[in-house]
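If you read the sequences in order, they're chains A and B. Position 153 of the first sequence, counted from 1, bears residue number 153 in our numbering, the numbering being contiguous throughout. Position 1 of the second sequence, counted from 1, bears residue number 1 in our numbering, the numbering being contiguous throughout.
By construction, these hints were calculated from the structure, which means they are not laboratory data. Built from N, CA and C at the ideal position, the CB exists for glycine as well. Keep in mind that a hint or two might mislead.
On the chain A side, residues computed to face chain B include the following (Cβ under 10 Å) [said to hold, decoys possible]: (1) R196; (2) Q200; (3) Q201; (4) D258; (5) M276; (6) A279; (7) L290; (8) E292.
Computed footprint of chain A on chain B; a stretch qualifies when at least three of its residues, placed anywhere within it, have a C-beta under 8 Å from a C-beta of chain A [to be verified]: (9) 2-8; (10) 32-46.
Listed below are the residues making up each chain.
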Amino acid sequence: MSDGHAVNVALLKEEQKIQRDLPLIALAGQPNMGKSTLFNLLTGLNQHVGNWPGKTIERREGIFRDNGYSLRLIDLPGTYSLTANSPEELIAREFILREQPDLVIAVVSAANLERSLYLVAELISLPTPLVVALNMMDVAELEGYRIDVEVLQAALGVPVVPLVATRAQGVRELLRIVEQVLNKERVLMPRLPEIRADHQQALREIQNLIHGYVPSPYPLEWAALKLLEGDAELTRLLQESLPPERWETVHKILRAHDDALMAVASGRYEWINRIMRAAVARPPMGQISLTERIDRFAAHPILGLIILALVLGAVFWVTFTLGSPLQEWLELQVVERFAVFAAASLANAPAWLQSLVVDGIIGGVGSVITFLPILAIFFAAFGLLEDIGYMARAAYVMDNFMHLMGLHGKSFLPLFLGFGCNVPAVMGTRVIDSWSARLVTILIAPFVPCTARMAVVAFLAGAFFGKYATLVSWGLALLALTMLVVSGVLLNALLFRGKRSAFIMEMPLYHIPNGRTIALLVWQRTLAFVKKAGTVILGFSVLVWILSVLPGGGLESSFLARFGKLVEPVGRWMGFDWRLTVALLTSFLAKENAIATLGVVFGSGEEGGLSQVLVATYSPAVALAFLTATMLFIPCAATLAVIKQEAGSWRWALVNVALMLALSVSGSSLVYWLARGFGW
Amino acid sequence: MLERLLAELDRGQTLSVKKLAMQLETTPAMVEAMLEHLERLGQVETVEFCQETCAECPLGSNCAMEKRQRLWQLRLNR
Numbered sequence: 001m002s003d004g005h006a007v008n009v010a011l012l013k014e015e016q017k018i019q020r021d022l023p024l025i026a027l028a029g030q031p032n033m034g035k036s037t038l039f040n041l042l043t044g045l046n047q048h049v050g051n052w053p054g055k056t057i058e059r060r061e062g063i064f065r066d067n068g069y070s071l072r073l074i075d076l077p078g079t080y081s082l083t084a085n086s087p088e089e090l091i092a093r094e095f096i097l098r099e100q101p102d103l104v105i106a107v108v109s110a111a112n113l114e115r116s117l118y119l120v121a122e123l124i125s126l127p128t129p130l131v132v133a134l135n136m137m138d139v140a141e142l143e144g145y146r147i148d149v150e151v152l153q154a155a156l157g158v159p160v161v162p163l164v165a166t167r168a169q170g171v172r173e174l175l176r177i178v179e180q181v182l183n184k185e186r187v188l189m190p191r192l193p194e195i196r197a198d199h200q201q202a203l204r205e206i207q208n209l210i211h212g213y214v215p216s217p218y219p220l221e222w223a224a225l226k227l228l229e230g231d232a233e234l235t236r237l238l239q240e241s242l243p244p245e246r247w248e249t250v251h252k253i254l255r256a257h258d259d260a261l262m263a264v265a266s267g268r269y270e271w272i273n274r275i276m277r278a279a280v281a282r283p284p285m286g287q288i289s290l291t292e293r294i295d296r297f298a299a300h301p302i303l304g305l306i307i308l309a310l311v312l313g314a315v316f317w318v319t320f321t322l323g324s325p326l327q328e329w330l331e332l333q334v335v336e337r338f339a340v341f342a343a344a345s346l347a348n349a350p351a352w353l354q355s356l357v358v359d360g361i362i363g364g365v366g367s368v369i370t371f372l373p374i375l376a377i378f379f380a381a382f383g384l385l386e387d388i389g390y391m392a393r394a395a396y397v398m399d400n401f402m403h404l405m406g407l408h409g410k411s412f413l414p415l416f417l418g419f420g421c422n423v424p425a426v427m428g429t430r431v432i433d434s435w436s437a438r439l440v441t442i443l444i445a446p447f448v449p450c451t452a453r454m455a456v457v458a459f460l461a462g463a464f465f466g467k468y469a470t471l472v473s474w475g476l477a478l479l480a481l482t483m484l485v486v487s488g489v490l491l492n493a494l495l496f497r498g499k500r501s502a503f504i505m506e507m508p509l510y511h512i513p514n515g516r517t518i519a520l521l522v523w524q525r526t527l528a529f530v531k532k533a534g535t536v537i538l539g540f541s542v543l544v545w546i547l548s549v550l551p552g553g554g555l556e557s558s559f560l561a562r563f564g565k566l567v568e569p570v571g572r573w574m575g576f577d578w579r580l581t582v583a584l585l586t587s588f589l590a591k592e593n594a595i596a597t598l599g600v601v602f603g604s605g606e607e608g609g610l611s612q613v614l615v616a617t618y619s620p621a622v623a624l625a626f627l628t629a630t631m632l633f634i635p636c637a638a639t640l641a642v643i644k645q646e647a648g649s650w651r652w653a654l655v656n657v658a659l660m661l662a663l664s665v666s667g668s669s670l671v672y673w674l675a676r677g678f679g680w
Numbered sequence: 001m002l003e004r005l006l007a008e009l010d011r012g013q014t015l016s017v018k019k020l021a022m023q024l025e026t027t028p029a030m031v032e033a034m035l036e037h038l039e040r041l042g043q044v045e046t047v048e049f050c051q052e053t054c055a056e057c058p059l060g061s062n063c064a065m066e067k068r069q070r071l072w073q074l075r076l077n078r
């Protein structure tokens with residue numbers, strides 16, 4: 001037994017010695033380039049997994065065997081470069097420099113060459129022979145990239161082998177090239193990246209100064225370059241090994257070239273760019289070029305704004321063309337008939353109960369429920385614009401426009417959300433680092449017309465302005481956005497004087513919309529609206545009804561009328577009677593309440609529905625003023641609560657209320673008197 | 001090239017990756033690679049939009065920013 005054990009140990013030692021004598025190949029590459037797939041493919045079960053000494057980073061080593069030919073393989077940690085920025089990068093470069101493998105295989109992605117080649121730019125500068133495994137050729141082909149491997153090879157000066165590691169394609173050729181390099185049958189002529197001329201002189205000076213002091217096994221040129229790049233590990237080592245006066249001279253040069261970090265990296269990217277231009281042909285037609293063609297207009301600083309305005313106009317046009325007839329149908333055929341049916345069914349019930357159901361609940365909630373087609377179209381239209389990739393362009397051109405007005409770059413993000421609802425828009429300002437910029441954005445976010453506000457506008461504009469409803473709604477939306485910009489500029493001038501920071505966006509490709517995604521979005525948002533109608537708006541409608549019947553004696557003497565008449569003098573500036581003034585004020589709880597209140601006050605059971613009653617009661621000038629006031633009116637209670645929460649005090653919430661109230665009252669008064677001047 | 005990219009960013013404008021690529025006479029993928037490099041160097045940062053904000057948001061499940069594109073910002077105190 002003990003003899004057998006001794007034999008086994010001896011065999012194991014012999015095997016380990018044989019393995020140590022095998023050619024050592026290191027697999028290097030950035031994360032997700034298929035390095036581990038290639039390693040597994042080559043080593044199969046002949047691999048050992050452990051940790052790198054003193055680290056918790058996985059070390060994988062294995063043996064490749066084929067027809068008596070064997071290689072020892074090390075799977076290095078995935079790294080972006082060989083600068084000691086992370087433990088992985090330190091391990092990879094220390095292994096290559098200290099263990100001195102016979103060859104390094106750099107695994108790069110053919111579909112992502114720009115990223116992959118940075119590490120190659122560093123590896124190629126080391127004395128270890130290099131072979132590039134150009135993996136994911138199938139993905140690159142699918143994406144329409146044509147890579148001229150011969151040209152790439154000539155540009156790099158090292159062998160390049162196309163590969164699809166997941167299908168084991170090209171692996172034989174890779175092994176053949178590896179064998180050739182190991183047997184010195186292939187001469188490598190690496191073409192190295194260059195650095196700027198002024199830094200080249202500094203590099204030479206540093207090389208002269210550190211010559212003879214560079215700790216083994218670091219190559220002199222490489223160590224000098226890493227010093228120039230500000231590599232912390234090399235700086236520490238050379239500071240320890242150089243005499244103090246010599247280090248001081250080196251340090252002076254480094255201080256004088258403190259931009260060398262960028263210059264060295266920049267030189268590598270220039271090198272990559274040249275290689276890419278020479279060796280890679282991009283798809284000339286198809287999706288990418290279509291996106292580019294559309295973006296020439298859609299992302300243009302001026303044309304883009306015009307297109308955005310037209311898109312907004314188109315959304316309103318679709319809303320009125322499809323939504324308004326459906327809304328009218330719901331109003332006349334469903335809500336009005338239901339009110340008549342309810343009144344008949346409750347004919348023998350107490351008068352207050354009949355009034356509560358018909359005027360309070362059906363009048364209030366029923367009127368709001370007729371918004372449903374309009375809201376569904378808004379949701380679908382914005383969902384469609386998001387899904388095809390247009391909203392990113394809209395945000396981009398708006399942001400450029402806002403920059404011209406002095407607003408902060410990040411502000412567009414939360415404002416963009418405001419089209420859905422102002423609550424997440426205010427909450428979304430957390431993305432902005434600067435407090436003053438964030439505060440400005442919080443204060444202007446409620447100017448973005450949310451869907452609830454737009455639905456109220458759509459309801460009334462359709463009733464009052466018929467075929468001009470699209471134009472009126474479009475003009476009101478643009479007015480709100482203009483007020484947003486003007487307020488932003490003014491608040492900025494007062495609060496935000498910080499430096500603007502650059503902001504870079506990645507534009508998604510335009511693509512065919514997914515009907516299911518949009519349908520799901522419309523369904524979820526419509527459901528949320530129905531829930532709101534069944535809770536907040538229902539409760540509020542009942543409250544308004546109670547106020548409209550108490551203390552008895554008719555609407556004109558009710559608590560609601562008394563309150564309305566108290567604030568009516570302000571409403572009169574805008575052409576409003578007490579009913580419209582109250583309707584506007586009740587929109588504070590939820591924007592839809594403006595219609596719910598009018599429904600309760602005027603009753604939805606009236607012939608022709610609420611919209612016809614309103615048309616018969618008010619002039620177009622009053623309607624236009626009411627729409628303007630609604631568009632610019634103070635935010636709803638939920639938004640105001642969030643403003644207080646995010647701004648940290650009621651002071652800023654009140655500033656927002658004061659600002660919007662002033663603009664709303666002055667703006668709608670101006671609109672009313674101008675419209676009257678035109679004889680409306 | 002990286003220096004030219006930083007010079008463009010220093011102007012403080014809002015830019016698309018494509019526009020930057022055109023200005024630098026390179027590809028958008030190259031610009032993204034350089035932005036990621038600058039991010040590793042701490043020169044730019046990725047803008048994280050929805051984290052705890054979205055968790056608290058009532059519209060979080062169908063948020064417009066759910067399918068957001070990547071965004072970077074130049075660090076002011078770099």
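To see whether the hints hold, each was checked on the structure:
no. : hint  : in the structure
1   : R196  : holds (9 Å)
2   : Q200  : violated (15 Å)
3   : Q201  : violated (18 Å)
4   : D258  : violated (13 Å)
5   : M276  : holds (7 Å)
6   : A279  : violated (13 Å)
7   : L290  : violated (13 Å)
8   : E292  : holds (7 Å)
9   : 2-8   : holds (count 5)
10  : 32-46 : holds (count 9)
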